[in-house]
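Asker: In case you want the letters, here they are:
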Amino acid sequence: MERWVRMAVQITLNGRTEAVEDGTTVLRLLESKGINPARVAVELNRRILRREEYDDTPLSPGDALEVVTFVGGG
Amino acid sequence: MDDKLVIAGKELRSRLFLGTGKYRNYDEMRAAFEASGAEVITVALRRLDLSDPSKKTLLDEIDWSRYTILPNTAGCRTADEAVRTAHLARAMGLSNWVKLEVIPDDKYLLPDPVGTLEAAKRLVDEGFVVLPYINDDPVLAKRLEEAGCATVMPLASPIGSGQGMVNFEQIKIIIEQARVPVVVDAGIGAPSDAALAMELGASACLINTAVAQAKNPALMAEAMKLGIEAGRKAFLAGRIPKKPYASASSPLEGVVR
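Residue numbers (the numbering used here), protein chains in the order written: chain A, 1 to 74; chain B, 1 to 257.
Just so you know, these hints were derived from the structure itself, not from any lab.
Below are the BS3-like pairs computed for lysine-lysine, each with C-alpha atoms no more than 25 Å apart in a straight line: (1) Lys-172/B - Lys-142/B; (2) Lys-33/A - Lys-55/B; (3) Lys-33/A - Lys-56/B.
Next up, chain B with everything else stripped away, as it sits in the complex:
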């Protein structure tokens, strides 16, 4: 089945994007990546730790040439901060993609729609491939698409919360109206959540905490891979509708009474 996902001209076979945060150690991270089949991984950009500047960095620990690196602007509270971080990330020389996050609040880590739209316009203008992280707002999703974003990335539930798809009706609307891939990002807790996202027609899922903090990250990464594949096939297969009444599966005539 040739069902490739294309983002900014890049063909991807895997619809599982993985974050690199919160792993207990690099061995668990590498094992999870291997099991997942993921081709897109997110990274954050931070000041180098000057207390030990020759220490190995993330890029020394993973074979980054195997992946499409998606730097995020996590930690940025305003459009200006996000634009500055995106430029620094691009200057690392590995990617002009950016997962745009403009998040002013620490408790729920919900994205600021106004700052996100402003930063997205600036970054698209400056040649970035922009993947904006948003709440489940269909109108905002359309505005970002019109602004030239390569995807939209609505959250399932708050980052790291593992609550799964709490607002799938809004996500259904986003998917129905989108002309760019929709990546469900944040809050996925189990493969069933990811499968549901894919059954609704999402193009991919971005998962971090659910894998990194699972008791067995590599096994959970494999489970997520399978859940996403199952959900995608179910979407393409065309499910039956839900009905309020029964509809017998066996013939009604010829019963021996």
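Isolated chain A, as found in the complex:
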């Protein structure tokens, strides 16, 4: 029986190159890194995603993802 293998593709995550499986969703990526989706905001190719979209948004080659959070500041 054939087993389909997903291609690894390159995306940029917080300015650094990262390899992910083609089609991985944003939510899956966050979960794989132990990131709590409720503690971050996400921007994909300069568009801010709503939290409800994380599960429905697959990643493609060359995507630029920014995952941000609140930190101490004045």
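Position chain B relative to chain A; hints supplied.
Answerer: Here is chain B on its own, set in the frame of chain A:
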């Protein structure tokens, strides 16, 4: 005394806004917040540290539900960067307030008036509650108010410098002309600085370094709270004018000579 501060429809009893930066540890930060009575706290927005992505973030360390969160656009050098950061901050889902900072220079951290006004107009248009950080420029303050900002926030002196109120004559003019609350933000070093700001008629003070880097942050937070309360009461009480000559306090007649 019912002397509430209202910003964008939100009633605040405390006129001390605190920053969350530069604390030595979270215990000191929490103790300072507790002692301060502050209801508004500022936060910055940064990339998540991916070297340890499951590490606790600021929101895990403080009970953010107790505060009005005021995200800042610190680090942004242009209006575009500030607008982008403000949108990301709003997407965190806790606040549509923004402390607007457009700061191109690293040495003095002084705000760019042109970029600030441009970003303020865009953000007001996009439904943000905008609290712009500015230099002591009364004309700029009026323009920002006309653009729909919820307050204006003139600096006392450069961020973190602890110099206190170096330009209070300009701040007096801003306060005289403002129809929105004036929050003195940056450079406050001691409670006497904050009290002076309040005596001049400021509506609140935003303080970070002076508390976070004090030897005893919780005690300094309490001192700032008291200084601000004293200054506010003095403003409402109506001080005596300064005179170049003396005016005796005891009666002139009936002296036994």
